[in-house]
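Peer 1: Residue numbers (numbering that gives the first Met the number 0): 0 to 113.
Derived from the structure by calculation, the hints contain no laboratory data.
Take the hints with a grain of salt, since some may be wrong.
[Said to hold, decoys possible] Distance ranges between label pairs, derived from CB positions:
(1) Q79 to E101: 16 to 26 Å
(2) E52 to R83: 25 to 35 Å
(3) T87 to V32: 43 to 53 Å
(4) D94 to L38: 15 to 25 Å
(5) E108 to L68: 44 to 54 Å
Cβ coordinates follow ideal geometry from the N, Cα and C atoms, glycine included.
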Amino acid sequence: MNEPSERAQQPPRRDAGGENPTVRFDATVHPGVTNRDLLGVADLDLDRIPDPEGEVRVVVTADECRRLLESGYEIRLHAQVPVRPLPTELVEQDDSVRAWLEERVQGIERSGGV
């Protein structure tokens, strides 16, 4: 498993055109004329983000927008999101995450595991 700090410093994924995108888009995906089932969006391996209204919200590149349109969905772009490394102060270290989790599961009976 990659350490969080290593993962945060990896270059952005390449889009289908082989280029590193410099911007992505905060967007919502809606049923389209030819594709009414939003459950299929999960199969497209896109970065999903929570949405307070329960909509399907994603952060996508222009190429991923094209794929969504070709799949029959409607897309509404809300904002540009610049691609840049995650600030190191936002990356939690493995030891502190393990300690936090152990604190929360303390006292829960475990069966068949360590």
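Peer 1: Range hint 25 to 35 Å: satisfied by the CB atoms of E52 and R83?
Peer 2: Check passed, 27 Å falls within 25 to 35 Å.
Peer 1: Does the beta carbon distance between E108 and L68 stay inside 44 to 54 Å, or does it fall outside?
Peer 2: Taking Cβ atoms as reference, E108 and L68 lie about 50 Å apart, which means the hint holds.
Peer 1: Taking 16 to 26 Å as the stated bounds, is the beta-carbon spacing between Q79 and E101 within them?
Peer 2: About 40 Å separates the Cβ atoms of Q79 and E101, which means 16 to 26 Å is violated.
Peer 1: For D94 and L38, compare the CB-CB distance with the range 15 to 25 Å and indicate the outcome.
Peer 2: violated, 37 Å
Peer 1: Looking only at beta-carbon atoms, does the pair T87, V32 fall within the given range of 43 to 53 Å?
Peer 2: holds, 45 Å
Checked against the numbered hints given earlier, this structure breaks hints 1, 4; the rest are met.
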